[in-house]
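Given chain A's structure and the hints, the job is docking chain B onto it.
From first to last, the protein sequence lines stand for chains A and B. This note's numbering puts the first residue of the first sequence at 1, with every later residue one more than the last. This note's numbering puts the first residue of the second sequence at 1, with every later residue one more than the last.
Check the hints yourself; a few may be wrong.
Cβ pair distances, simulated, as ranges [claimed, not checked]:
#, chain 1, residue 1, chain 2, residue 2, range
1, A, G31, B, G200, 32 to 40 Å
2, B, L34, A, G60, 31 to 39 Å
3, B, Y251, A, S134, 31 to 39 Å
4, A, E175, B, L34, 34 to 42 Å
5, A, G60, B, L45, 38 to 46 Å
6, A, D71, B, L34, 17 to 25 Å
7, A, R19, B, Y251, 48 to 56 Å
It is worth saying that the hints were derived from the structure and are not from the lab. We treat Cβ as the ideally placed atom computed from N, Cα and C, and that holds for glycine.
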Amino acid sequence: MAKGALELKNVSKAIGSRRILKDVSFSFESGRRYLLLGANGSGKTTLFKVMAGLWRPTSGAVYYKHLNIADLNGAYSQEIGFLSHELGMYEELTGLQNLAFFAELYGVRQPHTRALEFLELLGLRFFAHEKVKSYSRGMKQRLAIAKALLHGPKILLLDEPFAGLDLRGTSLLMELIRWALSSEGLLILSSHDPELGWQVADEFLYLERGVLLSHGDRARYAEKTIEQRLTGAADVGVC
Amino acid sequence: MLKRPSSSDSPAQRTLESANADAARISLAQRGLLAGAWAILKKDLAYELQNRETLVVLTVFSLVVVFIFSFAFDLAEAEAKRLLPGLLWMTILFASVLGFSKSMAFERRGDALSGLLLAPIPKEAIFLGKVMSSLLFLLASELVLLPLFFAFFSIKASFTQMGLLVLVLLLGSVGLAVVGSFLAAICQVSRQGEILFSLGYFPLVIPILIAGTTLSKSVLETSQIPPGPWLNVLIAFDLIYAVVCLWVFEYVVED
Numbered sequence: 001m002a003k004g005a006l007e008l009k010n011v012s013k014a015i016g017s018r019r020i021l022k023d024v025s026f027s028f029e030s031g032r033r034y035l036l037l038g039a040n041g042s043g044k045t046t047l048f049k050v051m052a053g054l055w056r057p058t059s060g061a062v063y064y065k066h067l068n069i070a071d072l073n074g075a076y077s078q079e080i081g082f083l084s085h086e087l088g089m090y091e092e093l094t095g096l097q098n099l100a101f102f103a104e105l106y107g108v109r110q111p112h113t114r115a116l117e118f119l120e121l122l123g124l125r126f127f128a129h130e131k132v133k134s135y136s137r138g139m140k141q142r143l144a145i146a147k148a149l150l151h152g153p154k155i156l157l158l159d160e161p162f163a164g165l166d167l168r169g170t171s172l173l174m175e176l177i178r179w180a181l182s183s184e185g186l187l188i189l190s191s192h193d194p195e196l197g198w199q200v201a202d203e204f205l206y207l208e209r210g211v212l213l214s215h216g217d218r219a220r221y222a223e224k225t226i227e228q229r230l231t232g233a234a235d236v237g238v239c
Numbered sequence: 001m002l003k004r005p006s007s008s009d010s011p012a013q014r015t016l017e018s019a020n021a022d023a024a025r026i027s028l029a030q031r032g033l034l035a036g037a038w039a040i041l042k043k044d045l046a047y048e049l050q051n052r053e054t055l056v057v058l059t060v061f062s063l064v065v066v067f068i069f070s071f072a073f074d075l076a077e078a079e080a081k082r083l084l085p086g087l088l089w090m091t092i093l094f095a096s097v098l099g100f101s102k103s104m105a106f107e108r109r110g111d112a113l114s115g116l117l118l119a120p121i122p123k124e125a126i127f128l129g130k131v132m133s134s135l136l137f138l139l140a141s142e143l144v145l146l147p148l149f150f151a152f153f154s155i156k157a158s159f160t161q162m163g164l165l166v167l168v169l170l171l172g173s174v175g176l177a178v179v180g181s182f183l184a185a186i187c188q189v190s191r192q193g194e195i196l197f198s199l200g201y202f203p204l205v206i207p208i209l210i211a212g213t214t215l216s217k218s219v220l221e222t223s224q225i226p227p228g229p230w231l232n233v234l235i236a237f238d239l240i241y242a243v244v245c246l247w248v249f250e251y252v253v254e255d
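Pulled out of the complex, with its shape left as it was, chain A reads as follows (with noise of 0.2 Å):
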């Protein structure tokens, strides 16, 4: 994969009067872990599912190997895995139905079994029978993290992949993420707990109500004030 994968082009997005993305633009790499900041509200949820391309930009694109996503439809959603907020499965079904219904959308053989293998690996083998409404947060957060992986995505989109995991999880999720993207793969997550997502990251994006205000590696971040800015312990600029 070329570098600049993944290019944000003037990306603005408004839900009706209130402009959540403000003209960002930026060229992630491929082989690159990226590491998302920034406060509630600042539109880390917004630009994941723009990247997704669950929502389209009000303007600017999205740009994957320099084509537009939006003309690239189910050929750019096979490249991704995406993890978000919502769980975006069947609270009705069980674990092992999502997965393997999951798993025969995106093309993948024998589904069933590699749906089990993926409830294994997770931790999940126990409860692939229950329904997922049953499930715990942690648990349905593991489940969702299998979804994302199931397919072998060339892209991860991660946002706050940590959230509701125990120490077990997290630090298998940390396992799965460092096996899964090879040195072509590109990984960008958000976190609330910056020293978590700087464990597999190399480099951060910080967005400010909708402007991405800085980017760099961790020596930048640590330079830029960022976490003061982050627990409101600073009101400088960064640029």
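Relative to chain A, chain B alone:
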């Protein structure tokens, strides 16, 4: 792309590697319209077999309606044949509303629709799958409803009449399932969805109901489809709604 880790070969690595191998095989392959629709239909059937939610609700509703009507009207067979089509289609209309709201609630919980929209299948496959499952549930409820109406109102019908009536019910149900599934999708992506559903569904299905009732009445009274335009009206509305809804579905569910 999933990678081979440097050291040990754990079950986790093997699972991820086989996912990777699959990804390579199906790379950029878009799932077809029918394959996607079929998967969605199977999923809805699996849910219904497990929970029997929709069918139980529709059957109980049909039983109650037929029971009440049979007590409310004490009709001779000829009168019953004139009245039955209207009662039948009205019951089907409200049963369909119940069925669609169940289907909507199922897709809404856990934001399952977003999961579907992200899948590499044509958006139309989602619509087609939902139409097929809604139609199946509606036809199943009619299978219960029709014999009940005939039994409670003591109406005798020939095989020809039954065959023609089933044809009319099938054509009408296709239209109801198409319009209902389309509006149910709007309902999920709009904050005023449920109001939109009520506002849109009843006016849009009026031509189907009028054609269905007129044809059913003629079938029961004369054992034939009338020579007038009603059959064409029913088929035309089915086709128009199917084409328009399929065409605009993608735009409706975006955002």
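These are the hints, each one checked on the structure:
1. The supplied range of 32 to 40 Å is broken by G31/A and G200/B, whose beta-carbon atoms lie about 49 Å from each other.
2. L34/B and G60/A have their C-beta atoms about 35 Å apart, which keeps the hinted 31 to 39 Å range intact.
3. Look at Y251/B against S134/A: about 37 Å separates their beta carbons, and that is inside 31 to 39 Å.
4. For E175/A and L34/B, the hinted distance range of 34 to 42 Å is satisfied, since their beta carbons lie about 39 Å from each other.
5. Hint check: G60/A to L45/B, Cβ distance near 42 Å, so the stated range 38 to 46 Å holds.
6. Distance hint check for D71/A and L34/B: the Cβ-Cβ separation is about 23 Å, which falls inside the suggested range of 17 to 25 Å.
7. For the hinted restraint 48 to 56 Å between R19/A and Y251/B, the CB-CB distance of approximately 22 Å leaves it violated.
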